[in-house]
Amino acid sequence: MPVQTAAPRIEVRATAPVETTSDKAKVAVRNLDFFYGRVQALHGISIEIPERIVMAFIGPSGCGKSTFLRTLNRMNDVIPGTRVGGEVLIDDHDIYAPGTDVVDLRRRVGMVFQKSNPFPKSIFDNVAYGLRINRVTGSGSELEGRVEQALKDAALWSEVKDRLKTSALSLSGGQQQRLCIARALAIRPEVLLMDEPASALDPIATSKIEELIFDLKKQYTIVIVTHNMQQAARVSDRTAFFLLGKLIEVNATEKIFTAPNVKTTEDYITGRFG
Amino acid sequence: MDTHRHLDDELSSLRDRVLLLGGEAEQALERAMYSLSERDSEVAQQVLEHDDQVDRLEVEIDRQCIDIIALRQPAARDLRFVISVAKMAPVLERIADHACNIARAAIDLNNEPELNSVLDLSRMAEHALIMLRSALDAFTSSDAVTAREIIKSDSEINDLYNHTFHRLIELMVTEPATATRDARLLFVAKHLERIGDYVTDICELTVYMAEAAFIKHT
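Sequence order for the protein chains is D and E. Using the working numbering, count along the first sequence one by one with no gaps and you end on 274. Using the working numbering, count along the second sequence one by one with no gaps and you end on 218.
A hint or two may mislead.
Below, computed lysine-lysine pairings styled on BS3-like, alpha-carbon distance capped at 25 Å [claimed, not checked]:
hint : chain 1 : residue 1 : chain 2 : residue 2
1    : D       : 208       : D       : 24
2    : D       : 121       : D       : 152
3    : D       : 217       : D       : 165
4    : D       : 208       : D       : 246
5    : E       : 152       : D       : 255
6    : E       : 216       : D       : 255
Since the hints were derived computationally from the structure, they do not count as laboratory data.
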């Protein structure tokens, strides 16, 4: 896939409060603005995401949470006419700085989408795909080992180990989504972005994805967008609430769901919004 | 939206029920003390007979809280309200139980000659009732400031209890013939003192509900 060069940058000073934690920030966003053409979708977002936690983004449709998620690995670059201002630092390096290798960035910051999107290939080839195009493996046995490990990490290995050569499209919806997670994990990202990864799944498949997220945070920093507030409460350590392109509140998840600091957050959490 | 209105309706119904239970506990205490001071065992018997209704109400509130948590998954202030009610209902039921114990003591005491001793039981009961009423009002209006004041006022009941305790022990020593009756009154005093403690629990739950602050054991 052709990758566009960095979107033009603008300098914007915003007044939104900066969220900081004592833990080391894997991702630090400062005064981030984002525009679709002339429409400003994000306003002065500042947030820190500590390493190896699950951060959930919640908010009503159109609040900018998915747009913001996509700024974290520059997926929005592929949309014509978009502009970004401010900084997104991963391990203290601005990913929007000139000369950033976007392919390498997306290897470090993997993504799983709402709708599972396996390639029309075998289960094995789906997981091996990223490894092959990135030429990150040497021998065939190393490739097999990485595929097996990724499938194990995605809690799918025991279900597919005897049919690795069959089409990925023969898997159930929940299995396909875990396959996509395995594909993302195979190239060993540091951060995993998940955009409503369980919204199209039944409760059992959802539960497996949530258990997986819980296990994965031991190794990865995970950022999840979800419309399901109970899911955010179940899987995340910290929750950020977005509204109209602004970050309204970010706090420990138990604090957000029992005693949020901001009334707007409370109104949204309790379903009395609007 | 309809879903939110349903939740609001359910929370409102839950609030009504817990206030009803509070009213039952208050009335039970008032009537139990009346039966004691006016030596009216019939009223004491009514208190005991009414306790089943109090128990049923507590179970209904329990069920309603569980249903709301399971089906509506309340959060933030709604969650704090439901949790507070779920913890408050058994406390109110225990207050009614203490009132029943006072009613039983009244029936026993009413079968024996009246004691002429000057005791603070009426003042204790009056104070407990005021505390209970104020606590229910503070809960209704989510008034953490008043709830904290009520908690402080529990020390008055404790002081009255200590005074009553020493006075009754004194009576047991000086007038051994009245010891059984004195002991029964001592239990009444202890029940009133415990009611003060339970009202304190209610106020702590009100503070939690209003401010998300845990002040128990602090």
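Taking the hints in turn, this is what the structure says about them:
1. Between the alpha carbons of residue 208 of chain D and residue 24 of chain D the distance comes to roughly 29 Å, so the proposed pair goes past 25 Å and is violated.
2. Pair hint residue 121 of chain D plus residue 152 of chain D holds up; C-alpha atoms about 19 Å apart against a cutoff of 25 Å.
3. Restraint check for residue 217 of chain D and residue 165 of chain D: the C-alpha separation of about 29 Å exceeds 25 Å, so the hint is violated.
4. Between residue 208 of chain D and residue 246 of chain D the alpha-carbon distance is near 32 Å, which puts this suggested pair outside the 25 Å criterion.
5. For the hint pairing residue 152 of chain E with residue 255 of chain D, the CA-to-CA distance comes to about 28 Å; that exceeds 25 Å, so the pair is violated.
6. Our distance criterion of 25 Å between C-alpha atoms is met by residue 216 of chain E and residue 255 of chain D, whose separation comes to about 19 Å.
Violation of the numbered hints given earlier is confined to hints 1, 3, 4, 5; the remaining hints are satisfied by the structure.
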